[in-house]
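2 protein chains.
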Amino acid sequence: MKSGLSFLLAARQCEIAELEQLARSSDVVTVLGRLTHALQRERGLTNLFLASGGLHAAELRLQQVAECQRFEHEVRTHLDRLDTDASRVPHGARLFSRIAVALHALDGLSELRSRVAAQAMTAEEASAALSKVVAGLLAVVFEWADSATEPEISRALVALFNLMQGKEFAGQERAFGASIFASGRIDSSTQQQWRHLIDSQQRCMQVFADFTDFTNPEVLAAEQATQEPRTLAELERLRRIGYTVSGQDTMDARLGQAWYDCCTRRIDAMKVLEDLLALNLRHLCERTINRARTDLRDQQELLDALSAQAQATRPGEPALYGPQLERSILAMVQEQSARIQAMSNELDTVRATLNERKVVDRAKGLLMAHRQFTEEEAYKALRQMAMNQNRRLLEVAEAVLTMADVLPGRAR
Amino acid sequence: MKSGLSFLLAARQCEIAELEQLARSSDVVTVLGRLTHALQRERGLTNLFLASGGLHAAELRLQQVAECQRFEHEVRTHLDRLDTDASRVPHGARLFSRIAVALHALDGLSELRSRVAAQAMTAEEASAALSKVVAGLLAVVFEWADSATEPEISRALVALFNLMQGKEFAGQERAFGASIFASGRIDSSTQQQWRHLIDSQQRCMQVFADFTDFTNPEVLAAEQATQEPRTLAELERLRRIGYTVSGQDTMDARLGQAWYDCCTRRIDAMKVLEDLLALNLRHLCERTINRARTDLRDQQELLDALSAQAQATRPGEPALYGPQLERSILAMVQEQSARIQAMSNELDTVRATLNERKVVDRAKGLLMAHRQFTEEEAYKALRQMAMNQNRRLLEVAEAVLTMADVLPGRAR
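From first to last, the protein sequence lines are chains B and U.
Using my numbering, you'd call the opening residue of the first sequence number 1 and step up by one each time.
Using my numbering, you'd call the opening residue of the second sequence number 1 and step up by one each time.
These are calculated hints, taken from the structure and not from any lab test.
Note that the coordinates shown come from a computational prediction; the quantities given were computed from them, not determined experimentally.
Among the hints, erroneous ones may be present.
No copy is singled out in the list; a pair is fine if it fits within one copy or between any two copies.
[Said to hold, decoys possible] Here are the simulated BS3-like pairs of lysine-lysine, each with C-alpha atoms no more than 30 Å apart in a straight line:
(1) K380 to K132
(2) K2 to K358
(3) K380 to K2
Could you build the full structure based on these sequences and the hints that come with them?
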């Protein structure tokens, strides 16, 4: 019969299998990041193009579309190589569903681009559609971050995901500002939306900073490059100009290009940091796998010694391991048990930061069920409440959930 | 290249694989429950035996030990059949570690029983040692409850786990009361411990009730049998007698047998309910698997239709599915996406009830790290704080975690 020890070994092997799965996924995260970055640029250029009635950025946009298509092909190639054998993928149901949604969104891109080229949609509509595609890609990364079971790796994935999400808010701000500078119009509701985008970026970058190891000089340097003082000063200056003009003013349309360039410098620096984190994540996975393999080998040797001794005892009699081996077994069981507990404690802490997103999703779901909202309407309603009450999205979502029991006509 | 649809199918297959794993584990949960129940009886009889200086329950205890050995063999046989192939078991690392710890605890039983037979330990020590073995078995069930990803099944597992845990507290109360009645002594600290056991039972049974479907008449009848009025009245009468005697009183030792019998009637009724829930869980798994298989077949047919159509288009050209199939795809992606989201929301709610245990574990870990406590000392310290302040264990554990940052010398 299998002993406790052989289950300890099986547990270790499971850990290694999960780590290997994660190591493979870190490559996919890298190419997803690349496509996300390219789509964010396309969104900015599309906004400049549409808001200026086709006057600006027409050529740049086409070049960007070609780059997006290359990266989309790369993503599809990587996803193709993913092991989708149901019996071998933990959390596969959620992950593959997210991938299906993301791929379906990518399928819609070519029709979207034809309508943009024909100027058959507004800058706002195109921006929303491209943001939805990016959200689909980030949801895949989120699923990976949520499924990691090794705390150090989970920590690295949470940092990376929040950097990507923060960069996406920065990208949305770039597109948002681009259409304001191009149209020369702003009103108080738009101002609120803008502030909201700035706050969302700051929160993501805070979580990123909380979970990042800045004792690594490369990471520190790359992080400081995202805060380059001249770029930041220019960004704040343009934010002030865009933000303080009143309803009927028209703005210098050339400011739009300055805005786009300034945002892009900052976002590109974030991309360099993102690539570095993705590379470090891959190395971290490799180191962790090697360490787990060494441990497994040591435990396997002990188990072999035990089996040899067990076979030396007469059949039917309980094996006597001797006091020294008994102590080794006890130490091993206790060590593993304490390690699993410590991992689980730390994991809970790390994952708590992913909760904000989950709480908001749950509040959205509630509004969809109670008020027959679409997902987009539900999100807009939450955002509107947050803006009106000058509160964080999380707070509003929590308030919605607290009221769940008193909302009428709950569908089950 | 794989389309979004093929990832949808892969997601479905993963769901089915996870469900099948759960269905197999529901059998193991049943045999774990049987062994737990037998060990709880052994603990009660061991307490009667030791606390009475070997006068009571000597023969009954030996019969019970034989039953425990049979059920232990059954558990080991079932665990032996578990698929421990690392690449096929989600959450294997945690589950197998728990199993290793549980098996190691079972390995220590024969030495424990020799010491009990020789009356070489106190009733309290023997009780603590047997409770530790039971805790190890319940931790395995907990791990299964925590790993279910289908909300209805997770709900059923949470109900079952809480019933088992509540029954374990009832069993601890039986052993606890047995030694008080046998020794004829009680003091105020023992009174507090007793109240604590009663409160813990009630909380578990409340969670059980919250997650159980009482529209099933069999379940309702079995639940009502655990609340049989005469047994409850007798239990409360004996609690009152045991609880209100002051320090130096000696009690009628025959009350011990009455106490043991009364507790046992209630606990046995809980066991009948537990078996019913385990059986229902198995049927629920089977129904859910069948439903998922039907869905998968439907989706597979649609995918085949699409592939046929894609092949009919000229190579190199994008496949045109026609508006009707396009709508089917969109509906399928949206339906799956909404379903995954709804499942995830509901799961979070169900799992929140497992959090109490996790919070207590985390607080224990903190005390172990900061004050170099063993796990047992840490738990005792928390329980003592709860009793002194007349607060719930959860509240004390949360308070400990809140103070984490101000505690000195945190080890990492």
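Here's how the hints hold up against the structure:
1. K380 to K132: This pair counts as within: shortest intra-copy Cα distance 13 Å, inter-copy 52 Å.
2. K2 to K358: between (40 Å within a copy, 29 Å between copies)
3. K380 to K2: Neither: 56 Å inside a copy, 33 Å across copies.
Checked against the numbered hints above, the structure violates only hint 3.
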